[in-house]
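Trainee: Read off the chains here:
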Amino acid sequence: DTGVSQDPRHKITKRGQNVTFRCDPISEHNRLYWYRQTLGQGPEFLTYFQNEAQLEKSRLLSDRFSAERPKGSFSTLEIQRTEQGDSAMYLCASSETGTVYEQYFGPGTRLTVT
Amino acid sequence: TQLLEQSPQFLSIQEGENLTVYCNSSSVFSSLQWYRQEPGEGPVLLVTVVTGGEVKKLKRLTFQFGDARKDSSLHITAAQPGDTGLYLCAGDSNSGYALNFGKGTSLLVTP
Numbered sequence: 001d002t003g004v005s006q007d008p009r010h011k012i013t014k015r016g017q018n019v020t021f022r023c024d025p026i027s028e029h030n031r032l033y034w035y036r037q038t039l040g041q042g043p044e045f046l047t048y049f050q051n052e053a054q055l056e057k058s059r060l061l062s063d064r065f066s067a068e069r070p071k072g073s074f075s076t077l078e079i080q081r082t083e084q085g086d087s088a089m090y091l092c093a094s095s096e097t098g099t100v101y102e103q104y105f106g107p108g109t110r111l112t113v114t
Numbered sequence: 001t002q003l004l005e006q007s008p009q010f011l012s013i014q015e016g017e018n019l020t021v022y023c024n025s026s027s028v029f030s031s032l033q034w035y036r037q038e039p040g041e042g043p044v045l046l047v048t049v050v051t052g053g054e055v056k057k058l059k060r061l062t063f064q065f066g067d068a069r070k071d072s073s074l075h076i077t078a079a080q081p082g083d084t085g086l087y088l089c090a091g092d093s094n095s096g097y098a099l100n101f102g103k104g105t106s107l108l109v110t111p
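The listed protein sequences correspond, in order, to chains R and S. With the numbering used here applied, the first sequence corresponds to residues 1 to 114, in that order. With the numbering used here applied, the second sequence corresponds to residues 1 to 111, in that order.
It is possible that some hints are incorrect.
Interface residues of chain S toward chain R, partial, derived using beta-carbon atoms under 7 Å [claimed, not checked]: (1) E41; (2) L45; (3) D92; (4) G104; (5) S106.
Taking lysine-lysine pairs in the BS3-like style, the calculated list, with each CA pair at most 27 Å apart, reads [claimed, not checked]: (6) K56/S with K70/S; (7) K70/S with K103/S; (8) K57/R with K71/R; (9) K57/R with K56/S; (10) K11/R with K57/R; (11) K11/R with K56/S.
Every beta carbon over 12 Å from chain S, so not counted as near; a handful from chain R, in silico [unchecked claim]: (12) Q17; (13) R64; (14) E83.
Derived from the structure by calculation, the hints contain no laboratory data. We put the beta carbon where it would ideally sit given N, CA and C, even for glycine.
The task is simple: from the sequences and hints, build the whole structure.
Mentor: Shown next as structure tokens:
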């Protein structure tokens, strides 16, 4: 299966700790997206990479959040000094250049901040 | 932000029944996607519609894009328990890359 993969699937952390999530997109996709989904809501856009360049960050992404995509392959999303409000499902998606809005999602990382 | 409103929010039906869920907006979209999401999993892309009035069929699922490209519907014929899940519609945003999602319709099909 060559779909989008995410690791870990679940993460429980204490408030104030740092966490890092990894996303491996579909290999031929050069665009990668991070979204966040809370209970009862649809996914909300966080940030977007085209190859290794981070081209947009949502206002939802505070200074405690940072994302990277070294060499335009996998991506990491780090949250520093986690807060209880950061508890959510973090979703990664990827797409080809020609079909930007046909985004394929990974299984997500469920973060619980206690 | 181009808002997408989905209705109904919840739907519980018995196996074999037909149903339609709706996705509406006051904004025009160049494309609209439908996803199905199961608990604890990421959304799975079902279909993309791009042309006003377009109808696409995926087995027992029929998707329609409104003529004005502001709304869409998903019709399921003879629902099965395997159709249970959260159905999300998503449209292109003005950004050129981010998807705007509705809150979804949570469907439960009981045997």
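Trainee: Hold the hint about E41/S up to the distance rule: shortest CB distance to chain R must be less than 7 Å.
Mentor: Hint holds; E41/S Cβ to chain R Cβ min 5 Å, cut 7 Å.
Trainee: Would Q17/R pass as off the interface with chain S, using Cβ distances and a cut of 12 Å?
Mentor: Q17/R is indeed farther than 12 Å from all Cβ atoms of chain S, at 23 Å.
Trainee: Grab the minimum beta-carbon distance between E83/R and chain S and tell me whether it stays above 12 Å.
Mentor: holds (23 Å)
Trainee: Tell me if D92/S is really an interface residue toward chain R, meaning its C-beta lies closer than 7 Å to one of theirs.
Mentor: holds (5 Å)
Trainee: Can you confirm whether the C-alpha distance between K11/R and K56/S stays at or below 27 Å?
Mentor: violated (39 Å)
Trainee: If you draw a straight line from the CA of K57/R to the CA of K56/S, is it 27 Å or shorter?
Mentor: violated (34 Å)
Trainee: Any CB of chain R closer than 7 Å to the CB of S106/S?
Mentor: violated (9 Å)
Trainee: Holds or violated: is there a CB of chain R closer than 7 Å to the CB of L45/S?
Mentor: holds (6 Å)
Trainee: Between K11/R and K57/R, does the CA-CA distance stay at or below 27 Å?
Mentor: The hint holds at about 23 Å.
Trainee: Between the alpha carbons of K56/S and K70/S, is the straight-line distance 27 Å or under?
Mentor: holds (17 Å)
Trainee: When you look at the beta carbon of R64/R, is every beta carbon of chain S farther off than 12 Å?
Mentor: Its Cβ never comes within 12 Å of chain S, the nearest being 21 Å, so this holds.
Trainee: Within a Cα-Cα threshold of 27 Å, do K57/R and K71/R meet the stated pairing?
Mentor: Holds, because 19 Å separates the two Cα atoms, which is no more than 27 Å.
Violation of the numbered hints given earlier is confined to hints 5, 9 and 11; the remaining hints are satisfied by the structure.
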